[in-house]
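Keeping the supplied structure of chain G fixed, place chain Z upon it in accordance with the hints.
Protein sequence lines correspond, in order, to chains G and Z.
Take the first sequence: its position 45, counting from 1, is numbered 1391 in our numbering, and each next residue is one higher.
Take the second sequence: its position 78, counting from 1, is numbered 1424 in our numbering, and each next residue is one higher.
A couple of the hints might just be wrong.
Where chains are identical, the list cannot tell them apart; a pair therefore holds if satisfied intra-copy or between any two copies.
Stated by the list, open to error - Straight-line alpha carbon distances no greater than 16 Å define the calculated EDC-like cross-link-like pairs of lysine to aspartate or glutamate that follow:
#: 1; residue 1: Lys1348; residue 2: Asp1381
#: 2; residue 1: Lys1386; residue 2: Asp1361
#: 3; residue 1: Lys1386; residue 2: Glu1418
#: 4; residue 1: Lys1356; residue 2: Glu1389
#: 5; residue 1: Lys1356; residue 2: Glu1418
#: 6; residue 1: Lys1348; residue 2: Glu1391
#: 7; residue 1: Lys1402; residue 2: Glu1423
#: 8; residue 1: Lys1419; residue 2: Glu1391
#: 9; residue 1: Lys1386; residue 2: Asp1409
#: 10; residue 1: Lys1348; residue 2: Asp1377
#: 11; residue 1: Lys1410; residue 2: Glu1397
#: 12; residue 1: Lys1380; residue 2: Glu1391
#: 13; residue 1: Lys1356; residue 2: Glu1423
#: 14; residue 1: Lys1410; residue 2: Glu1357
#: 15; residue 1: Lys1419; residue 2: Glu1406
#: 16; residue 1: Lys1419; residue 2: Asp1361
#: 17; residue 1: Lys1348; residue 2: Asp1398
For the record, the hints were derived by calculation from the structure and aren't laboratory data.
2 protein chains.
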Amino acid sequence: MKVRILVSFKESVLDPQGQTVKNALHTLGYDFIKDVRQGKVFEVELQGLSEDQAQKVIPEIADKVLANPIIEKFSWEVLSEGKKVSRN
Amino acid sequence: MKVRILVSFKESVLDPQGQTVKNALHTLGYDFIKDVRQGKVFEVELQGLSEDQAQKVIPEIADKVLANPIIEKFSWEVLSEGKKVSRN
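Looking at chain G on its own, in the form it has when it is part of the complex (with noise of 0.2 Å):
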């Protein structure tokens, strides 16, 4: 199973990446960007996992390992062939 983890700040942490990122593309011309956040994506493949295994150890890895839970928020999904499953 392939999992999807969205790792980026939270609304109230300041993202000078994406700062920097949409000036650049002011700079470019491209005036109609409002706002840009960036962040980390992790694509994982689970081996022998059941679904209801992984929604229990998904959230798990995330908060100890891929995201740092005082300023970051994660959201993920099940990628299977053709379907996603979102959860948050």
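Same frame as chain G, but now just chain Z:
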């Protein structure tokens, strides 16, 4: 309109960050992790663009600024309220 752009290494490109995360997870006992690929995610807020215009401009921005097309690939989706439309 809000869009999410995912940028990750092409399959043929080594991903040392992802490998490091995988090894860290194995060390913590998560042996069922078969593979981890790490990438970047950009959540971009667009103002005053139709979806047709976005379809033209988002791949342009991704190719020019957000991704390095030699080693990276991107996909994007429109994040409307509750509804997701994916594109590759």
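Against the structure, the hints come out as follows:
1. Only between protomers do Lys1348 and Asp1381 lie at most 16 Å apart by alpha-carbon distance; the minimum there is 9 Å, versus 30 Å within a single protomer.
2. In this homomeric assembly, Lys1386 and Asp1361 come within 16 Å of each other (Cα to Cα) both inside a single copy, at 12 Å, and across copies, at 14 Å.
3. In the homo-oligomer, the alpha carbons of Lys1386 and Glu1418 lie at most 16 Å apart both inside one protomer (10 Å) and across protomers (14 Å), since each shortest distance falls under that limit.
4. In this assembly of identical chains, Lys1356 and Glu1389 lie within 16 Å of each other by CA distance solely across copies; the values are 13 Å between and 21 Å within a copy.
5. Taking the shortest alpha-carbon separations for Lys1356 and Glu1418, only the intra-copy value of 5 Å comes in at or below 16 Å, while the best inter-copy value is 26 Å.
6. When the C-alpha separation of Lys1348 and Glu1391 is checked against a cutoff of 16 Å, the pair qualifies only within one copy, where the shortest distance is 4 Å, while the shortest distance between copies is 28 Å.
7. Proximity of Lys1402 to Glu1423 under the C-alpha cut-off of 16 Å is restricted to the intra-copy arrangement: shortest distance 13 Å within a copy versus 27 Å between copies.
8. When the C-alpha separation of Lys1419 and Glu1391 is checked against a cutoff of 16 Å, the pair qualifies neither within a copy, at 21 Å, nor between copies, at 19 Å.
9. With identical chains, the CA atoms of Lys1386 and Asp1409 are at most 16 Å apart within one copy only, with a shortest distance of 14 Å there and 18 Å across copies.
10. Taking identical chains as interchangeable, the C-alpha atoms of Lys1348 and Asp1377 lie at most 16 Å apart only when they sit on different chains, with a minimum of 15 Å there against 37 Å within one chain.
11. In this homomeric assembly, Lys1410 and Glu1397 never come within 16 Å of each other (Cα to Cα): the closest approach is 20 Å inside a single copy and 38 Å across copies.
12. Taking the shortest Cα distances, Lys1380 and Glu1391 sit within 16 Å of each other only across copies (5 Å), while inside one copy they are farther apart (35 Å).
13. Within a single copy, Lys1356 and Glu1423 get their C-alpha atoms no closer than 19 Å, and across copies no closer than 21 Å, so neither meets the 16 Å cut-off.
14. Neither within a single protomer nor between protomers do Lys1410 and Glu1357 lie at most 16 Å apart by alpha-carbon distance, with minima of 20 Å and 27 Å respectively.
15. In this assembly of identical chains, the alpha carbons of Lys1419 and Glu1406 lie at most 16 Å apart only when taken from the same copy (13 Å versus 29 Å across copies).
16. Only within a single protomer do Lys1419 and Asp1361 lie at most 16 Å apart by alpha-carbon distance; the minimum there is 13 Å, versus 23 Å between protomers.
17. For the homomeric pair Lys1348 and Asp1398, the shortest alpha-carbon distance inside one copy (14 Å) is at most 16 Å, but the shortest distance between copies (31 Å) is not.
When each numbered hint is compared with the structure, violations occur for hints 8, 11, 13 and 14.
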